[in-house]
Amino acid sequence: MNFTGANILSVDQFDIDSIQTIFATADRMQPYARRQKRTKVLDGAILGNLFFESSTRTRVSFGTAFNLLGGEVRETTGMESSALAKGESLYDTARVLSSYSDVIAMRHPKSGSVAEFAEGSRVPVINGGDGANEHPTQALLDLYTIKQELAYHGHTVDGMHICMMGDLKFGRTVHSLSRLLAMYKNIRFTLISPRELAMPDSVLEVLAQAGHQVVITDQVSGISDADIVYQTRIQQERFTTPQEADLYRGKFRLNSEIYTKHYKPNTVIMHPLPRDSRAEANELDNDLNQNPNLAIFRQADNGVLIRMALFALTLGVADQVDKYECDVNWYSEKRTGY
Amino acid sequence: MNFTGANILSVDQFDIDSIQTIFATADRMQPYARRQKRTKVLDGAILGNLFFESSTRTRVSFGTAFNLLGGEVRETTGMESSALAKGESLYDTARVLSSYSDVIAMRHPKSGSVAEFAEGSRVPVINGGDGANEHPTQALLDLYTIKQELAYHGHTVDGMHICMMGDLKFGRTVHSLSRLLAMYKNIRFTLISPRELAMPDSVLEVLAQAGHQVVITDQVSGISDADIVYQTRIQQERFTTPQEADLYRGKFRLNSEIYTKHYKPNTVIMHPLPRDSRAEANELDNDLNQNPNLAIFRQADNGVLIRMALFALTLGVADQVDKYECDVNWYSEKRTGY
Amino acid sequence: MNFTGANILSVDQFDIDSIQTIFATADRMQPYARRQKRTKVLDGAILGNLFFESSTRTRVSFGTAFNLLGGEVRETTGMESSALAKGESLYDTARVLSSYSDVIAMRHPKSGSVAEFAEGSRVPVINGGDGANEHPTQALLDLYTIKQELAYHGHTVDGMHICMMGDLKFGRTVHSLSRLLAMYKNIRFTLISPRELAMPDSVLEVLAQAGHQVVITDQVSGISDADIVYQTRIQQERFTTPQEADLYRGKFRLNSEIYTKHYKPNTVIMHPLPRDSRAEANELDNDLNQNPNLAIFRQADNGVLIRMALFALTLGVADQVDKYECDVNWYSEKRTGY
Chain A
1 MNFTGANILS
11 VDQFDIDSIQ
21 TIFATADRMQ
31 PYARRQKRTK
41 VLDGAILGNL
51 FFESSTRTRV
61 SFGTAFNLLG
71 GEVRETTGME
81 SSALAKGESL
91 YDTARVLSSY
101 SDVIAMRHPK
111 SGSVAEFAEG
121 SRVPVINGGD
131 GANEHPTQAL
141 LDLYTIKQEL
151 AYHGHTVDGM
161 HICMMGDLKF
171 GRTVHSLSRL
181 LAMYKNIRFT
191 LISPRELAMP
201 DSVLEVLAQA
211 GHQVVITDQV
221 SGISDADIVY
231 QTRIQQERFT
241 TPQEADLYRG
251 KFRLNSEIYT
261 KHYKPNTVIM
271 HPLPRDSRAE
281 ANELDNDLNQ
291 NPNLAIFRQA
301 DNGVLIRMAL
311 FALTLGVADQ
321 VDKYECDVNW
331 YSEKRTGY
Chain B
1 MNFTGANILS
11 VDQFDIDSIQ
21 TIFATADRMQ
31 PYARRQKRTK
41 VLDGAILGNL
51 FFESSTRTRV
61 SFGTAFNLLG
71 GEVRETTGME
81 SSALAKGESL
91 YDTARVLSSY
101 SDVIAMRHPK
111 SGSVAEFAEG
121 SRVPVINGGD
131 GANEHPTQAL
141 LDLYTIKQEL
151 AYHGHTVDGM
161 HICMMGDLKF
171 GRTVHSLSRL
181 LAMYKNIRFT
191 LISPRELAMP
201 DSVLEVLAQA
211 GHQVVITDQV
221 SGISDADIVY
231 QTRIQQERFT
241 TPQEADLYRG
251 KFRLNSEIYT
261 KHYKPNTVIM
271 HPLPRDSRAE
281 ANELDNDLNQ
291 NPNLAIFRQA
301 DNGVLIRMAL
311 FALTLGVADQ
321 VDKYECDVNW
331 YSEKRTGY
Chain C
1 MNFTGANILS
11 VDQFDIDSIQ
21 TIFATADRMQ
31 PYARRQKRTK
41 VLDGAILGNL
51 FFESSTRTRV
61 SFGTAFNLLG
71 GEVRETTGME
81 SSALAKGESL
91 YDTARVLSSY
101 SDVIAMRHPK
111 SGSVAEFAEG
121 SRVPVINGGD
131 GANEHPTQAL
141 LDLYTIKQEL
151 AYHGHTVDGM
161 HICMMGDLKF
171 GRTVHSLSRL
181 LAMYKNIRFT
191 LISPRELAMP
201 DSVLEVLAQA
211 GHQVVITDQV
221 SGISDADIVY
231 QTRIQQERFT
241 TPQEADLYRG
251 KFRLNSEIYT
261 KHYKPNTVIM
271 HPLPRDSRAE
281 ANELDNDLNQ
291 NPNLAIFRQA
301 DNGVLIRMAL
311 FALTLGVADQ
321 VDKYECDVNW
331 YSEKRTGY
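Residue numbers (the UniProt record's numbering), protein chains in the order written: chain A, 1 to 338; chain B, 1 to 338; chain C, 1 to 338.
If we strip away everything but chain A, and leave its shape as in the complex, we get:
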């Protein structure tokens, strides 16, 4: 695809080549994000960071990504926007607000709203999550993390074994990630969840059609050679009683003991974050914090790289980033050592 001027609305718009372009661009963002150097390639450009639904970390991640490229950020949080409440169409909102920036990152609680907004927008729009529908930058950062972590162990996405665990029905991230992974070859998916929270048929069909091997189970087993375990949160509100939720949680937690018992020593641990660390939930225990295979914070860091890459690509400056390079003259040691 031609990225310059494009909207980024759905994982479905990518093929292997365009993903490769995004990831190669993200790779080149690493030294700026780690503060080994900085760039002013977007000095003077303005991001419209429109979060009609709260999400601190996604919002700040987009804003930081834009700042790291040298740009400015204007933003809005929540439904403060009385205009929509007063009956303004998303088209009108888009026509007006899009003229206030050079590119837009947008989150909105309603499915399809970001695409609708993009119709009226005069600048590229990047979907930061539209309700239950899509969150393409999360799927991209997940896939980017998988590639990086596997590469560290000398492996590739093709031929890997991934275990997805927990709530696979309502977890938007595992759906989008699966659809991205479907484009690769010979992947083994072990999908562990309560039957009531199984992966939707629509996703399973995509995987089957692409010829991947899928095992669906409600038992924690058959994963002793998994390369990746992608843990999710069990959302209590989906169950009839808290007790019922506890029942599921007990089986689908991940901690050091369970990890050692069921997984091989190098299985990479992922989670879309935030993890719920309260005793009654605790789906990913803090006793794994020192385990070098815990990739959850590298995952979050990668989100900045992916968002930098998408800004650079949609604004057509990906090739000029190093042309506007400068030194970093302040303390930045802690950042780089992790």
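Misleading hints may appear alongside valid ones.
To be verified - For lysine-lysine, the following PhoX-like pairs were computed, each having C-alpha atoms within a straight-line distance of at most 20 Å:
| id | chain 1 | residue 1 | chain 2 | residue 2 |
| --- | --- | --- | --- | --- |
| 1 | B | 40 | C | 40 |
| 2 | C | 261 | C | 251 |
| 3 | A | 323 | B | 37 |
| 4 | A | 40 | B | 37 |
| 5 | A | 169 | C | 86 |
| 6 | B | 169 | A | 86 |
| 7 | B | 169 | A | 40 |
| 8 | C | 86 | A | 37 |
Stated by the list, open to error - If you want the ones that stay clear, here's a sample from chain C, every Cβ over 10 Å from chain A, calculated:
| id | residue |
| --- | --- |
| 9 | 34 |
| 10 | 44 |
| 11 | 224 |
| 12 | 289 |
Just so you know, the hints here were simulated from the structure itself, not pulled from any lab data. Built from N, CA and C at the ideal position, the CB exists for glycine as well.
Given chain A, work out where chains B and C should sit, using these hints.
Here is chains B and C on its own, set in the frame of chain A:
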């Protein structure tokens, strides 16, 4: 008037010359707002964007205008400010907050509050709306749009025929605009509204004293040679029952059919936005979206130019904007083509 | 102490030398804050301004301080952060959010939370207030103001007489300030408050151990040679009835008449702000606004200098600030003349 260091609090502080200065400055801002080039004239300056009342688009418009001049923005939204709630005077708030910025844009729900704040401020203050009282940048952008649209058709403000329609009693924008227009010559005003929502006498007096021709009516007629139709929203909450509001709305809507029937082909359509596009309101129908005379989005865009002009003038840098000019190296095509 | 890369969490981490370093750095920030010139020493750096509790002026003061050094600000206000609400640990929040910035200023309603956050942070953290616990930048700006004001009269902190008045029990600022002052020599403290709102023993012990002279009283007397009067707010909610609160307030107000009667002509008047100017409170009357000894707005201004100094020191650029100096080309007269 001498703009450098001045507060912009009310339309009453302008004469024809000062308006001309603002508009000439706004004209010169066009290439920066359209991203044909950029300027760093206010690089390092800080705008205090103090919105003690929510208004996403006005807030973002001020912030963007300042960013487009190269400056930084610090802001506050809503009555988050516990200080005022804890009994702090506006004078104290102004003394403290004004020292955190180089210029302030302020909105506050209370009439007169912005002028009161300006008393204690150590930097210029621009009124972004103080309750039912004033919203001078809206009035200026409306007048600027009228001038531009008429010029496109080879006409001038002097001698034009403007039709204002809808709620002329509570609509702050038509009051301020009328007072600005009063300074020009031989204008015909056709004021169409329910009797209960007629233009206030105070405004009518200003128009009469200036020798303009005013027709007050509750019928949509006598406008076949109107140059401008300025539509407003019928605000349901002003009426005893929703049914009563519906009665008025039916008569004062504007859509393609009504436009074709009552107006000449080139009548420019304006609206302060947001327009209420819900079926029960819909005072300005979407079927006019493709009509080239629909100026509502150009109106919103002009808001950025006016705000840029006021920042440049009050900070005394209007003459230096092009001295700090730079190229735009990112994708900006969609912005310019509208 | 070595500031580069350090967290600023508590006044207890300073000694006289480190305070001297901060104040000398703050002194050098004056021309930038007054807009006689500007600096780009932190151009491209990002402040994470994380206010999990609202405080407009402290938040904006930190943000402005960072902008004045040339940096960018990303921020969050209130418990918008659903992540903490969803059971995320402060450690996780810190690991993720800290990678989005180069330094963090943080306020949080819970005592100890900022230090807990700092454990997980990969960049320096500056405490902007953690509940009833600490607000070190306020204490530093108070002490800096005292030093400056006394120096103007040819006096020093050593040997001065300070009167603290009002609610000395719940007022966080007088506690931290007292602990800083304890490091100096031969100070006389006159602590005037209702008995129920007396200075806590823990603070009194620190003062006694350091050999300072402390008078505790509920009468406004013995202060005719005070160099400083530090007024605080009587917080009505601490009392059984509003009437009871009124009783105390009547005795501990400060206005021109009381000032003239009890204090010498040059006693410096301080207050942490905001002051409650409603008739029923009014602990520091507006009739003192023209008194040149009223230092409350200089105090607020000094907050920007202190925060600039701490940013420059923790990021290791304090010595390079003037190397990145530029001219100010916009109107800034009102700012400097106060």
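To see whether the hints hold, each was checked on the structure:
Simply put, residue 40 of chain B and residue 40 of chain C have alpha-carbon atoms about 14 Å apart, close enough for the 20 Å limit, and the pair holds. Between residue 261 of chain C and residue 251 of chain C the CA atoms are separated by roughly 14 Å; this keeps the pair inside 20 Å, and the hint holds. With a CA separation close to 19 Å, the supplied pair residue 323 of chain A and residue 37 of chain B stays within the 20 Å bound. Distance check on the hinted pair: residue 40 of chain A and residue 37 of chain B sit about 16 Å apart at the alpha-carbon level, within 20 Å; holds.
The hinted pair formed by residue 169 of chain A and residue 86 of chain C meets the criterion: a straight-line CA distance of about 19 Å does not exceed 20 Å. Simply put, residue 169 of chain B and residue 86 of chain A have alpha-carbon atoms about 19 Å apart, close enough for the 20 Å limit, and the pair holds. Proximity of residue 169 of chain B to residue 40 of chain A is assessed by CA-CA distance (about 50 Å); at most 20 Å being required, the pair is judged violated. Proximity of residue 86 of chain C to residue 37 of chain A is assessed by CA-CA distance (about 35 Å); at most 20 Å being required, the pair is judged violated.
Annotated as non-interface, residue 34 of chain C keeps its C-beta farther than 10 Å from every C-beta of chain A; the closest such distance is 24 Å. Its closest Cβ contact with chain A, about 4 Å, brings residue 44 of chain C to no more than 10 Å, contrary to its assignment away from the interface. For residue 224 of chain C, the requirement that its beta carbon stay farther than 10 Å from each beta carbon of chain A is met, with the minimum near 49 Å. For residue 289 of chain C, the condition that its CB be more than 10 Å from all CB atoms of chain A holds, with the nearest at approximately 35 Å.
In summary, the numbered hints that this structure violates are 7, 8, 10.
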